[in-house]
Amino acid sequence: MNVEIKLFGAFRDYEADARVRLELTPEATVADVRSALASHATVHWPNFRPALLAHSAFASERAVLREGDPIPADGQMAVLPPVSGG
Amino acid sequence: MNVEIKLFGAFRDYEADARVRLELTPEATVADVRSALASHATVHWPNFRPALLAHSAFASERAVLREGDPIPADGQMAVLPPVSGG
Amino acid sequence: MERHHCAVVDIAQARLDPAAALEFVSDPGFGGITMFVGRVRDLNHGRVVTGVSYDMFDVLALNGFTDIAARGEAQFGPQLKLYIAHAKGRLGIGDLAVVVAAGTPHRDEAFRACRMAIEAVKHESPVWKQEHYADGDSVWSEGCSLCVHADGEGGHG
Amino acid sequence: MERHHCAVVDIAQARLDPAAALEFVSDPGFGGITMFVGRVRDLNHGRVVTGVSYDMFDVLALNGFTDIAARGEAQFGPQLKLYIAHAKGRLGIGDLAVVVAAGTPHRDEAFRACRMAIEAVKHESPVWKQEHYADGDSVWSEGCSLCVHADGEGGHG
Numbered sequence: 001m002n003v004e005i006k007l008f009g010a011f012r013d014y015e016a017d018a019r020v021r022l023e024l025t026p027e028a029t030v031a032d033v034r035s036a037l038a039s040h041a042t043v044h045w046p047n048f049r050p051a052l053l054a055h056s057a058f059a060s061e062r063a064v065l066r067e068g069d070p071i072p073a074d075g076q077m078a079v080l081p082p083v084s085g086g
Numbered sequence: 001m002n003v004e005i006k007l008f009g010a011f012r013d014y015e016a017d018a019r020v021r022l023e024l025t026p027e028a029t030v031a032d033v034r035s036a037l038a039s040h041a042t043v044h045w046p047n048f049r050p051a052l053l054a055h056s057a058f059a060s061e062r063a064v065l066r067e068g069d070p071i072p073a074d075g076q077m078a079v080l081p082p083v084s085g086g
Numbered sequence: 001m002e003r004h005h006c007a008v009v010d011i012a013q014a015r016l017d018p019a020a021a022l023e024f025v026s027d028p029g030f031g032g033i034t035m036f037v038g039r040v041r042d043l044n045h046g047r048v049v050t051g052v053s054y055d056m057f058d059v060l061a062l063n064g065f066t067d068i069a070a071r072g073e074a075q076f077g078p079q080l081k082l083y084i085a086h087a088k089g090r091l092g093i094g095d096l097a098v099v100v101a102a103g104t105p106h107r108d109e110a111f112r113a114c115r116m117a118i119e120a121v122k123h124e125s126p127v128w129k130q131e132h133y134a135d136g137d138s139v140w141s142e143g144c145s146l147c148v149h150a151d152g153e154g155g156h157g
Numbered sequence: 001m002e003r004h005h006c007a008v009v010d011i012a013q014a015r016l017d018p019a020a021a022l023e024f025v026s027d028p029g030f031g032g033i034t035m036f037v038g039r040v041r042d043l044n045h046g047r048v049v050t051g052v053s054y055d056m057f058d059v060l061a062l063n064g065f066t067d068i069a070a071r072g073e074a075q076f077g078p079q080l081k082l083y084i085a086h087a088k089g090r091l092g093i094g095d096l097a098v099v100v101a102a103g104t105p106h107r108d109e110a111f112r113a114c115r116m117a118i119e120a121v122k123h124e125s126p127v128w129k130q131e132h133y134a135d136g137d138s139v140w141s142e143g144c145s146l147c148v149h150a151d152g153e154g155g156h157g
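Chains as they are written, first to last, in the numbering used here: chain A, 1 to 86; chain B, 1 to 86; chain C, 1 to 157; chain D, 1 to 157.
Do not take every clue at face value.
Okay, derived cross-link-like pairs now, DSBU-like style, lysine-lysine, Cα gap no bigger than 35 Å in a straight line [to be verified]:
id: 1; chain 1: C; residue 1: K122; chain 2: B; residue 2: K6
id: 2; chain 1: D; residue 1: K122; chain 2: C; residue 2: K122
id: 3; chain 1: A; residue 1: K6; chain 2: D; residue 2: K122
Now the in silico label distances, taken between C-beta atoms and shown as ranges [to be verified]:
id: 4; chain 1: C; residue 1: G29; chain 2: B; residue 2: E67; range: 43 to 53 Å
id: 5; chain 1: D; residue 1: A74; chain 2: B; residue 2: A38; range: 46 to 56 Å
id: 6; chain 1: D; residue 1: A12; chain 2: C; residue 2: T50; range: 41 to 51 Å
id: 7; chain 1: D; residue 1: I93; chain 2: B; residue 2: A54; range: 52 to 62 Å
id: 8; chain 1: D; residue 1: Q79; chain 2: C; residue 2: G92; range: 17 to 27 Å
id: 9; chain 1: A; residue 1: N47; chain 2: D; residue 2: A12; range: 37 to 47 Å
id: 10; chain 1: C; residue 1: V139; chain 2: D; residue 2: P28; range: 17 to 27 Å
What the hints contain is simulated information worked out from the structure, not anything from laboratory work. Using N, Cα and C, we set each Cβ at its ideal position, and we do this for glycine too.
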């Protein structure tokens, strides 16, 4: 399935349109998306810091997801680096 | 010496001008003022509740006074029933 | 300019102004502002309240507010601005009785300083509330005794 | 009318409004209102800051604010009004970044609900701050990791 991942915060510096499109199997979990994004980042993002992704969470529009959760049916996700609001 | 005691809160109900004037000796302490006010109240205030005075403090314009403190030099005092601001 | 603002506001002349409080405690170096606003409620201990009257020993109250601000500095350091204002006179439901605001570099100190100040105002300031009820009755509220005992402890009645 | 107001405010369109927050959480039955206002400071970790940019995942943030309000009700009961608004976009020194206000019958709950809400906004909301410095540099702030571990605990980075 086609997954579109929105980028926020420090991840915005890596892609001009602040999103990444990845192809995953229908049974893929959030953990698989994490691995796929890490591979994408290693290839396409020259200054990528793996620690940033390691401390980042994935989310749908409704909630932060766990590693074992399935990918949202609409394929829409976001990667959330450590937050710093307020 | 002449001591003027301002009345606040529930004490206001006892005197139209919200003050009491008492005559005390120059060496009198706050405790003596308390006794003198109690005597005055017993005589002049028909509905006086002794418990109100027992829970009240005496003060100058600068600070709450202790029982052993002397009367302020200017003879100006206030009797403060339990407070309920805010 | 003073770093702390202490005021007694006669409701017949003016109202408490939360916007002014926020403005006063603001500073380019402060990231956190906490404000407490106390308002007159329509119900207390199950009785319908139509208004309250605040009596106050103004000069002692102002001296006390200044003491509270000094205590705030002792506790939280000089990077603190405090605003303490209490209304006096006859207030209606919803009218503001007290406004306390604290500005500090970080939020934890702002919360703690604001809380310390409103607790001190409530428990120590020479202010007396008389509640007026729908049935025409008026009662002076039970409060905190300021009696200073021989051992130096203040008591709360 | 909803008892809680949750908003993301684009600084290009509008400003955060503390007066509106106070008004919103007011109620004839509420005696206590506590408000926290977060402002952009001119100094952070010793560096001179000229402004900050807030990035936000708007829809998830709003859902999160609503969750925080629900948690407030679970903790403090239905006698609670909460106002949670966060700015996004480029802010200058002194600009308001966040406004949280809580109205309750008594002050202790107002303080606790306000504190709970701002802590949750700070630690859980999908908001990212980029600081701009006088020397031209810009840095995304270190923050709290939202990673949900297998044992169900969220970690703070």
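Structure-based check of each hint:
For the proposed pair K122/C and K6/B, the alpha carbon gap of about 21 Å is at most 35 Å, so the pair holds. With a C-alpha separation of about 30 Å, the suggested pairing of K122/D with K122/C holds against the 35 Å cut-off. With a C-alpha separation of about 21 Å, the suggested pairing of K6/A with K122/D holds against the 35 Å cut-off. A hinted range of 43 to 53 Å for the beta carbons of G29/C and E67/B is consistent with their spacing of about 45 Å.
Between A74/D and A38/B the CB atoms are about 52 Å apart, so this pair conforms to the stated range of 46 to 56 Å. At roughly 46 Å, the beta-carbon separation of A12/D and T50/C lies within the given 41 to 51 Å, and the hint holds. The hinted window of 52 to 62 Å between I93/D and A54/B holds, with their beta carbons roughly 55 Å apart. Between Q79/D and G92/C, the C-beta spacing of about 21 Å keeps the proposed range 17 to 27 Å intact.
Separation of N47/A from A12/D is about 29 Å and departs from the stated range, judged on CB atoms against 37 to 47 Å. A beta carbon spacing of about 20 Å between V139/C and P28/D agrees with the range 17 to 27 Å that was offered as a hint.
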